[in-house]
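Heads up: the protein sequence lines correspond to chains E and C, in order.
For what it's worth, the numbering used here labels the leading residue of the first sequence as 20, then goes sequentially.
For what it's worth, the numbering used here labels the leading residue of the second sequence as 1000, then goes sequentially.
Keep in mind the hints are simulated off the structure, nothing from the lab.
Think of the CB as a built atom: it goes at the ideal place given N, C-alpha and C, for glycine as much as any other residue.
Be careful, since some hints might not be right.
With a cut-off of at most 20 Å between alpha-carbon atoms, the simulated DMTMM-like pairs for lysine to aspartate or glutamate come out as follows [stated by the list, open to error]:
| hint | chain 1 | residue 1 | chain 2 | residue 2 |
| --- | --- | --- | --- | --- |
| 1 | E | 29 | C | 1265 |
| 2 | C | 1167 | E | 98 |
| 3 | E | 114 | C | 1251 |
| 4 | C | 1168 | E | 107 |
| 5 | E | 114 | C | 1246 |
| 6 | E | 62 | C | 1265 |
| 7 | E | 124 | C | 1233 |
| 8 | E | 122 | C | 1233 |
| 9 | C | 1167 | E | 96 |
| 10 | C | 1172 | E | 101 |
| 11 | E | 114 | C | 1265 |
| 12 | C | 1167 | E | 101 |
| 13 | E | 24 | C | 1265 |
| 14 | C | 1248 | E | 115 |
| 15 | C | 1252 | E | 115 |
| 16 | E | 122 | E | 27 |
| 17 | C | 1168 | E | 98 |
| 18 | C | 1167 | E | 107 |
| 19 | E | 22 | C | 1265 |
| 20 | E | 124 | C | 1265 |
| 21 | E | 97 | C | 1166 |
| 22 | E | 93 | C | 1233 |
| 23 | C | 1248 | E | 107 |
| 24 | C | 1167 | E | 94 |
| 25 | C | 1172 | E | 107 |
| 26 | E | 97 | C | 1233 |
To list a few chain C residues with every Cβ distance to chain E over 10 Å, as calculated [as the list claims (entries may be wrong)]:
| hint | residue |
| --- | --- |
| 27 | 1043 |
| 28 | 1092 |
| 29 | 1097 |
Just a few of them, taken from the derived set where beta-carbon distance is under 10 Å, the chain C residues facing chain E [as the list claims (entries may be wrong)]:
| hint | residue |
| --- | --- |
| 30 | 1243 |
| 31 | 1256 |
| 32 | 1259 |
| 33 | 1263 |
| 34 | 1264 |
So you can see what is in the structure, the chains are spelled out below.
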Amino acid sequence: MQKLKLVDLKQGMVLAQKVKDQNGRTLLLPETALSDKNIRVFKAWGISEAFVKSPGDGPIRKMEEAVSGTEENKEFEKELIEIFIHTDPRHPAIKELFSVCLKNKRASNI
Amino acid sequence: MTISAETLVNVSPDISSLPTIFHQINQAVEDPEITFSEIARIISGDPSLSGRLLRLANSSFYGFSSKIETISHAITIIGMGQLRDLVLATTVVRQFKNVPGSIIDMESFWKHSVACGLTARIIAVYKKEFNSERYYVLGMLHDLGRLLMLLNIPDVVKDSLDSCANDKKLLYKIEKETLDFDHAEVGGELLKKWNLPASLIEPVRYHHNPSVARQFQMETSIVHTADLIVHALELGNSGDSFVPPLDPKAWEKIQMPSSMISHIVDQVNVQFPDVVRTFSENS
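Could you put together the complete structure from these sequences and hints?
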């Protein structure tokens, strides 16, 4: 399970916890695969983040595989691995930094 | 004469003293009798400095909702102590304006420094550290030693950069192997010469080996981590092509969840272009 910000939520991700609005009203239940409309509704109701299932579970895994499989993403990853060669990839902070940088590289390339 | 970090500082008379304006402001801030408007008058006597400070005060670095049009307004909002730190961060760039950009691109060098300062400040705000502006200064100062090396021993720096690219080694380790000191030690000596406090000297001196810092471990650990994040994001470049290794003890010292990294990067992405603009615009 991971907590994602609204901007990072994507169609197909599966909710791991209920999403409630600021008044505590439930908007969506766990195990719901998000649609674009759901994400728009979250925005309208001021939802800033949601818990979704981590990679390894159903739709989210398929989606990540689809994204990371492109040639361009492989190239970004190769470049990053090169500059990270002096770091310890097992350290949780380095793992997280690597993944954030990869996402950042993709986003700045769009 | 054997080259040491100290001799590099002493052979650079133009650099080894800070501009008068910094000392004037430093003294003024320490003077309990002085008023905001008198400090504002000193700063306004330097149009380029006041222009840069106002642009910074109006950027997303602060995110104030109303426009700050005068230095005295900026002092009331930012605070005198913080303003002194910003003056230091701003004047230091001018101090090194004559460093040739043929070996390391100067614009890229300052971009790396600004990004490191912003990142360190964002981490400091998260940690609720007092006077977060000093973290911005630390980022601006952390690699200054390399500029002194560029001014005095450019061939050594060039060879080290070549070796960094060809052998895929870390630049600060090559410096240490070649000279028996690295840019962090030179930076520490320079700040000592400028009579800056140990709270600035130590984090600059030990930003690559933060566990050695004795008094200011939190500051040193934050600058160490910020430098690493900025290298990974490839924001500017101060010479090294690689992300330096993380000292696990420094990470433990900061006590920050890894998930914070993405929030930090989001904030850096917003503030960085804005703050870089305050440097590139002519006053």
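Now the hints, each set against the structure:
Restraint check for residue 29/E and residue 1265/C: satisfied, since their Cα atoms lie roughly 18 Å apart, inside the 20 Å limit. Under the criterion of a C-alpha separation no larger than 20 Å, the hint pairing residue 1167/C with residue 98/E is consistent with the structure, at around 13 Å. Proximity of residue 114/E to residue 1251/C is assessed by CA-CA distance (about 16 Å); at most 20 Å being required, the pair is judged to hold. As the CA atoms of residue 1168/C and residue 107/E are separated by approximately 15 Å, the hinted pair is consistent with the 20 Å bound.
About 14 Å separates the Cα atoms of residue 114/E and residue 1246/C, which keeps this hinted pair within 20 Å; it holds. Restraint check for residue 62/E and residue 1265/C: the C-alpha separation of about 18 Å stays at or below 20 Å, so the hint holds. For the hint linking residue 124/E to residue 1233/C, the alpha-carbon distance of about 10 Å falls within 20 Å, and the restraint holds. Between residue 122/E and residue 1233/C the alpha-carbon distance is near 13 Å, which keeps this suggested pair within the 20 Å criterion.
Distance check on the hinted pair: residue 1167/C and residue 96/E sit about 18 Å apart at the alpha-carbon level, within 20 Å; holds. At most 20 Å may separate the alpha-carbon atoms for a hinted pair to count; residue 1172/C and residue 101/E meet this at roughly 18 Å. Our distance criterion of 20 Å between C-alpha atoms is met by residue 114/E and residue 1265/C, whose separation comes to about 17 Å. Proximity of residue 1167/C to residue 101/E is assessed by CA-CA distance (about 9 Å); at most 20 Å being required, the pair is judged to hold.
Restraint check: the Cα-Cα separation between residue 24/E and residue 1265/C comes to about 11 Å, which is no more than 20 Å; the hinted pair holds. With a CA separation close to 17 Å, the supplied pair residue 1248/C and residue 115/E stays within the 20 Å bound. About 18 Å separates the Cα atoms of residue 1252/C and residue 115/E, which keeps this hinted pair within 20 Å; it holds. For the hint pairing residue 122/E with residue 27/E, the CA-to-CA distance comes to about 10 Å; that is within 20 Å, so the pair holds.
Of the pairs offered as hints, the one joining residue 1168/C and residue 98/E holds, with about 16 Å between alpha carbons and a cut-off of 20 Å not exceeded. Between the alpha carbons of residue 1167/C and residue 107/E the distance comes to roughly 16 Å, so the proposed pair stays at or under 20 Å and holds. This hinted pair checks out: residue 22/E and residue 1265/C have alpha carbons roughly 15 Å apart, not beyond 20 Å. At most 20 Å may separate the alpha-carbon atoms for a hinted pair to count; residue 124/E and residue 1265/C meet this at roughly 13 Å.
For the given pair, residue 97/E sits about 18 Å from residue 1166/C by alpha-carbon distance, which is consistent with the 20 Å threshold. Taking the CA atoms of residue 93/E and residue 1233/C, the gap is about 18 Å. The hint holds against a cut of 20 Å. As the CA atoms of residue 1248/C and residue 107/E are separated by approximately 13 Å, the hinted pair is consistent with the 20 Å bound. Of the pairs offered as hints, the one joining residue 1167/C and residue 94/E holds, with about 19 Å between alpha carbons and a cut-off of 20 Å not exceeded.
For a cut-off of 20 Å, the pair hint linking residue 1172/C to residue 107/E stands: about 17 Å separates their Cα positions. Distance hint between residue 97/E and residue 1233/C is fulfilled; the C-alpha atoms sit about 14 Å from each other, no more than 20 Å. No Cβ of chain E approaches the Cβ of residue 1043/C within 10 Å, the least distance being about 39 Å, so the stated non-interface status holds. The beta carbon of residue 1092/C sits about 26 Å from the closest Cβ of chain E, which is more than 10 Å, so the claim that it is off the interface holds.
For residue 1097/C, the shortest C-beta to C-beta distance to chain E comes to about 30 Å, beyond the 10 Å cut-off, and the non-interface label holds. Checking residue 1243/C against chain E: minimum C-beta separation of about 7 Å stays under 10 Å; hint holds. The interface hint given for residue 1256/C holds, since its Cβ lies 9 Å from the closest Cβ of chain E, which is under the 10 Å cut-off. A least Cβ separation of about 9 Å between residue 1259/C and chain E falls short of the 10 Å threshold, and the interface hint therefore holds.
Because the smallest distance between the Cβ of residue 1263/C and any Cβ of chain E comes to about 9 Å, under 10 Å, the interface hint for this residue holds. Hint status for residue 1264/C: holds, given a least beta-carbon distance of 5 Å to chain E, under 10 Å.
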